[in-house]
Amino acid sequence: MSRPLALLIALVTASSLASTASAQPQQRSLTIYAAASLTEAFSSYDKAQRYNFAGSNALETQIRNGAPADVFASAAPLNTQRLYRAGIVDKPVTFTSNRLVLIVPRSNPADLHSVYDLRRKPVKLVVAGSAVPVGGYTRTVLRKMGLTSVLSKVVSQESDVKAVTGKVALGQADAGFVYGTDARPVSSQVSVIRIPAWAQPRVRYEIAVVSRSSNKAAARAWIKRLLSPIGQKALRRAGFLPIPRASR
Amino acid sequence: MPLGDLISALGSSAALDAIRVTAETNALAMVLILGFGTPAAYWIARRRGAVRDVVVTLVELPLVLPPAVAGIGLLVAFGRAGLLGDTVDALGIDIAFTKVAVVLAVTFVASPFYLRTAVAAFEAVDPTLPAAARTLGAGEGRVFLRVMLPLAKGGLGAGAALAFARGLGEFGATIMFAGSLQGVTQTLSLAIYEQFDLDFDVALAISALLIAVSAVVLLSVKLMSRWHSGSGSLTLFAASSRQPT
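Note that the protein sequences, when read in sequence, are chains S and Z.
Going from the first sequence to my numbering is simple: count from 1 and add 86.
Going from the second sequence to my numbering is simple: count from 1 and add 48.
These are calculated hints, taken from the structure and not from any lab test.
Be aware that a few hints might be false.
[Stated by the list, open to error] Here are some of the chain Z residues that sit facing chain S, going by a computed Cβ distance under 8 Å: (1) Leu123; (2) Arg128; (3) Ala144; (4) Gly227; (5) Thr233; (6) Asp245; (7) Leu246.
Quantities reported herein were computed from a predicted structural model and do not represent experimental measurements.
Virtual Cβ for every residue (Gly too), placed ideally from N, Cα, C.
In isolation and in its complexed conformation, chain Z is listed as follows:
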């Protein structure tokens, strides 16, 4: 199929709507992942022992769970008939079949990719540096913002890129938990699934787009790690069991 046809297939309303929905939901999910994930990763990186192991296990679970299980989990937790359904309902929020449901699904499956890398990045920072900052009178907040964040930023960036790449392709949990409606909850992966029987060219074009975007994201991780080499925090699944000195 010629490249020109692929690009014109991307101009179909299904593809354009899916690009918009994916961009909106993934941007929101990334805000949540970075906002809550960074302090959480910092907290985990400074803990040792059983509590840490339990927390890390919980964080890593979505990484190994089948997407279908993630979908069931979200339904049981946040579904209208789920455990938190009444609470959410009482707040006057109905998340069933809305973009919020897509954001939750993407956040759930993508966050471990950021957290794991972020924990490793914080642990790779030479512990004498924050200690020195503390002896110079810096408080914990200042140590985090002025010392730890700048030193770990290479690893945090790589983790964010990986989480973003995973979130873009989210499928199973979304279709089970958020449904599929063009322009509302139909992300790029869901659009591929629907267009597969309807218009194969559109499915092919969206697939090519996702391959290209994912390749760019992964390549940028490699380049980032080159620029930040020396911080030594970029091994994706680095053993995070370094003992503090």
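Same shape as in the complex, but just chain S:
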């Protein structure tokens, strides 16, 4: 037998053994569809589950079209509530909150030091599309600050907050609006410009069990643990804010 062929067979055997071995011990992990901003928080909080991170609006569409999710965690109540009204998910609950920031590359090519600088300077600004939760929150901030005119400086409407973060961290864009929690993992590549508290939108993350799930008991237990002090502490560690009082 030729050496490359033998090597190939060895590799295939090894990988199939590895996959059966890893499939054995864990008993049915949950499939959790979660907003892209939860990527770092959820994957470090519970490594045993399977995640699909994307824009909440894209996840909503996927679940509506029959995606095999057990749990849906959205960055805005709109997406969970629409699915709840359609009878696709059980009653959603609020589980965390967040704030918006403006990020710029470390080199700060457009020389931005406040959100108001966006108005004065030629800037390549990247935001999320208006159907994406963070895109909606971004427009709320700009409205509250009387800066809706800077939307004319937007050079790309991204499909989720991680795409915005990536374009700024790479230095392709001069600035982008993201959640405070998204700036942390790329803190060596970006600088954060704070947005005043009075201009912050009410960011509310909701979570719900998908009604069709065949694993509802485990899904409910997972959400309960996320709402417990253990889960809340993990979210706070990742930079998320406590559940807003009004929606407790």
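Once you have looked at the hints, place chain Z on chain S.
For chain Z alone, kept in the frame of chain S given last:
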């Protein structure tokens, strides 16, 4: 969904802008592909040995690369923080998030489809014909323009059609390298992706349009090969290792 609704969904501003952006960027990309690709294919077709193998491999790479890798490659090469970023910047050009970025992405992924077919088309030309032209005193430029181009035109047309069809559907490299903004960088594929959550009917209508256009392009390749049969240069992935006689 009735056909009338599909057509009216194509009248939405997102769809119309995407059609315009796609037409502009793909037309420019085709000019680049034909302009640089034709002489390059002619050069490759007349070479043998290791240099040729290396060049052909480089040309074919975008064909097998995942679009995401193409996007990363373009960012690393032409991105503002990329290898040529400073050079491009010094020329006073900022290609980030402009139509130029879309054109680069389309050219990168679509050019191998033209080049491969064009090389095969030039190689399929009976080598005694250019040789005869040379003995009659024609220079290399004249041999290329008056003998090789007319004889290979069937294959070149087919290659151009395939490259155009591939360029129309370009997605991955564009969204990573050029971003997505309606009326500027949002091509038809990117519009489908955005409208999928916003207005499914528009996404469906644009998809139907792309299917129709692609079918017309592929069918025209078949018809062209029928008309030009005899030139024998139209096998898409013909082995390009014919030895010169």
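Does alanine 144(Z) pass the interface hint, meaning its C-beta sits closer than 8 Å to a C-beta of chain S?
-> Holds: closest Cβ of chain S sits about 5 Å from alanine 144(Z), inside 8 Å.
Using 8 Å as the Cβ threshold, decide whether threonine 233(Z) counts as touching chain S.
-> 7 Å, holds
Measuring from the C-beta of arginine 128(Z) to each C-beta in chain S, is the shortest one below 8 Å?
-> At about 5 Å, which falls below the 8 Å cut-off, the nearest Cβ of chain S leaves the hint on arginine 128(Z) intact, so it holds.
Restraint check, 8 Å cut-off on beta carbons, for leucine 123(Z) near chain S = 6 Å, holds
Is the interface hint for aspartate 245(Z) satisfied, with its Cβ closer than 8 Å to some Cβ of chain S?
-> 4 Å, holds
Interface hint compliance - leucine 246(Z) to chain S, C-beta minimum distance less than 8 Å = At 5 Å from the nearest chain S Cβ, leucine 246(Z) passes the 8 Å test, so the hint holds.
When the least beta-carbon distance from glycine 227(Z) to chain S is tested against 8 Å, hint result | Holds - the Cβ of glycine 227(Z) comes within 8 Å of chain S, reaching about 3 Å at its closest.
Of the numbered hints stated above, none is contradicted by the structure.
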